[in-house]
Structures are given as C-alpha cells and as structure tokens.
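J.: Sequence:
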Amino acid sequence: MPKIGDIELPDFPLLLAPMEDVSDPPFRALCKEQGADVVYTEFISSEGLIRDAAKSVMKLDIYEKERPVGIQIFGANLESMLQSVEIVEKSKPDIIDINFGCPVKKVVSKGAGAGILKDIDLMVSLTEAMAKHTKLPITVKTRLGWDEDSIKIVEVAERLQDVGCKAIAIHGRTRAQMYKGSAKWEPIAEVKNNPRMHIPVFGNGDVDSPEAAVRMRDEYGLDGAMIGRASIGYPWFFKEVKQYIKTGIRIAPPTMTERVQAARRHLEMAIDWKGEKLGVFETRRHYTNYFKGIPNFKEYRMKMVTSDDAVDVFAAFDEVLEKFGDYEFEHA
1 MPKIGDIELP
11 DFPLLLAPME
21 DVSDPPFRAL
31 CKEQGADVVY
41 TEFISSEGLI
51 RDAAKSVMKL
61 DIYEKERPVG
71 IQIFGANLES
81 MLQSVEIVEK
91 SKPDIIDINF
101 GCPVKKVVSK
111 GAGAGILKDI
121 DLMVSLTEAM
131 AKHTKLPITV
141 KTRLGWDEDS
151 IKIVEVAERL
161 QDVGCKAIAI
171 HGRTRAQMYK
181 GSAKWEPIAE
191 VKNNPRMHIP
201 VFGNGDVDSP
211 EAAVRMRDEY
221 GLDGAMIGRA
231 SIGYPWFFKE
241 VKQYIKTGIR
251 IAPPTMTERV
261 QAARRHLEMA
271 IDWKGEKLGV
281 FETRRHYTNY
291 FKGIPNFKEY
301 RMKMVTSDDA
311 VDVFAAFDEV
321 LEKFGDYEFE
331 HA
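First residue of the sequence shown? That's 1 in the UniProt record's numbering, and the numbers climb one at a time after it.
No lab work stands behind these hints, which were simulated from the structure alone.
Owing to the predicted nature of the structure, the values given are computational and were not obtained by experimental measurement.
Among the clues, some could well be false.
[What the hints assert, rightly or not] With a Cα cut of at most 25 Å, we get these calculated DSS-like pairs of lysine-lysine:
no.: 1; residue 1: 32; residue 2: 246
no.: 2; residue 1: 32; residue 2: 3
no.: 3; residue 1: 274; residue 2: 65
no.: 4; residue 1: 180; residue 2: 65
no.: 5; residue 1: 105; residue 2: 152
no.: 6; residue 1: 180; residue 2: 274
no.: 7; residue 1: 303; residue 2: 274
no.: 8; residue 1: 152; residue 2: 184
no.: 9; residue 1: 3; residue 2: 239
no.: 10; residue 1: 32; residue 2: 105
no.: 11; residue 1: 3; residue 2: 55
no.: 12; residue 1: 55; residue 2: 106
Given these sequences and hints, build the entire structure.
T.: Listed below in structure tokens is the structure:
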C-alpha cells in the first residue's frame, strides 16, 4: 500500500489533479464522493499568498470531508516559497504539493511551474528547503522535462526523493508538448523501476478511461493515477475506474437525473463558496461533459454557458430533465 509520509492510501489510489479554476472545493467534494482518494487544490501562487492577494488566499479553503487534501503552490523564489509554506500550514492541509509542471507561459516566464525544469538544481534546492521548513509531507508534480532533448526524469525524481520529497506525480509530456500529442508513460515507469526509489510514483496524462488506469497499474507498475481532464464535468470517473479495477466490468454511466442533480449541487456549492457571479461563471466549463453526447442539445448548453443569472441556469437544468430525462448515455 502506498504512503505519503504517514498518510496511508489504498492500493492504486486515484488522485484528483490540481487544475486551475477546476479543482475548487465544490468540485473536490463531488470527486471525493465518487471515490477520489486524494484531492488537490488549484495551484496557488506563492507571490500571491505573501501579498495576501484575495484570489490566492481564497484557494486555501479546505474542508474536513476532503481529507486527505493537498494544497499546491508554485513559485521560483526561495524566500517567497518558504513564507507561503507558513501561510499554507495555517489551513491545516494533509500535504503541501509543489507545482513544477504547469506549462502556461505566464507561469513559465517567471521561472516557475515547468519553467524550473531548465534549472534542476534550483528545483532540488527549493524542494529540500521546503521539506526542512515544515512537518507536513512535501510532494511534487512535474513533467518529463523541458523538451525531448532534456528528459532526465529518473535522475530528477531520485534527487527530489533524496532531499525529502514524499511522493511524485509525473505528467507524461514535456513542457514543449504542452497538452498535445500522447503522454508517454514509459519514462514514468523507469522512475518507478529505479531500485533506489522508495516513494510513491503516480502517473498523470491520458488516463481517460478505466482501461487506461488499469494499464497504468498493470503494464507500467505505477503506484497510482492522477486524474485531470477526464474528471472535468464527470466526477463519476473515479467510481468507474475503481469498479473496473475491482470487477473488470464497466458500470453503467450516470443517468440524466443523476447528472442534473450533480450539476445542480455543483452550482449551488459554487455559489455558496464564491458568490453568484463567480459561481455561475466558473462552473460553466463542466457542463459540456455533464451532458456530453446528447443530440440536439446546443440550445440548452448555450443557456447554461451564457447566462449570468443562476436562476436561468437552474431553469435550464429543469428543462433538460423534462425533455431528455429518458436519454440513455453510453460510455465514451
């Protein structure tokens, strides 16, 4: 059974990836209910935290029902990262995760996220300093390398482990790839198969079906899977993977009633947490997947993603249930 520090996890745990404007408390709650073993916050800027920026501070909100939960921070300045650790500790997460993998230009240009893959020594020294600065387990999420010519992930993972990293999640793409092409799991397996590695090695990237998760476990020998895009608007993905691992059979997709109920709860929780304007706006990205595959659905989807008024969105849910309540979904 894998462990992150003293946190015991089930065999082949499923982790909800930290995703900007996605992995907020409402969505984390839904994923937790459907079987996610560990959930992570959206990534939080260390500079934003030490400046007390409202958006960064709000992302520190975590709830008991989420545990174990990790707060993910990013940055490239040692002093700022250590100060942010002290701020994060006050929220009492179970894990502090460092983002060394975000490929977005505005993050990379500051030497943070995947930008730090150009300076492995800094990556290691930051991790070491943070591990020494807190009693909470420090974990890392990263990519294979900056580009195809600079993949040294086996060496990098070993060095991070040796300075106190308690688990590593590796996205099977380089920064140069962004989110294009296929994720390569072979290099992640090389990390796991390194006889010197003893911390959990989690795979990330293209885990888009229960069958893919099983391959990651059985063919590549990884300790668990970090789920990102497959869960957006589809928190049931965690349950489906777990049932498939257990029985080898795919359970039936959620019904229209279950989807409408989840979408409604999602929006209600989002409004409670961040207010109507932001709650309505930031939940929109989920609706395409909540109601994926329904023919002649554009009219209703447009109502959901263009209305700024929660009453109108809730009304659209009711219309969908009334018109498409008998629709039978198939697996993608």
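J.: Now, for every hint given, state plainly whether the structure supports it.
T.: Checked hints:
The suggested pairing of residue 32 with residue 246 holds, with an alpha-carbon distance near 18 Å, which does not exceed 25 Å. A C-alpha spacing of about 18 Å is found between residue 32 and residue 3, which places the hinted pair at or below 25 Å, so the restraint holds. A threshold of 25 Å between alpha carbons decides the hint, and for residue 274 with residue 65 the separation of about 19 Å falls inside it, so the pair holds. Between the alpha carbons of residue 180 and residue 65 the distance comes to roughly 35 Å, so the proposed pair goes past 25 Å and is violated.
At most 25 Å may separate the alpha-carbon atoms for a hinted pair to count; residue 105 and residue 152 meet this at roughly 22 Å. Distance hint between residue 180 and residue 274 is unfulfilled; the C-alpha atoms sit about 32 Å from each other, more than 25 Å. The hinted pair formed by residue 303 and residue 274 meets the criterion: a straight-line CA distance of about 21 Å does not exceed 25 Å. As the CA atoms of residue 152 and residue 184 are separated by approximately 14 Å, the hinted pair is consistent with the 25 Å bound.
Of the supplied pair hints, the one linking residue 3 and residue 239 holds, its CA atoms being roughly 21 Å apart against a limit of 25 Å. A hinted pair counts as satisfied when its Cα atoms are at most 25 Å apart, and residue 32 with residue 105 does not qualify at roughly 31 Å. Taking the CA atoms of residue 3 and residue 55, the gap is about 31 Å. The hint is violated against a cut of 25 Å. A C-alpha spacing of about 17 Å is found between residue 55 and residue 106, which places the hinted pair at or below 25 Å, so the restraint holds.
Checked against the numbered hints listed earlier, the structure breaks hints 4, 6, 10, 11; every other hint is satisfied.
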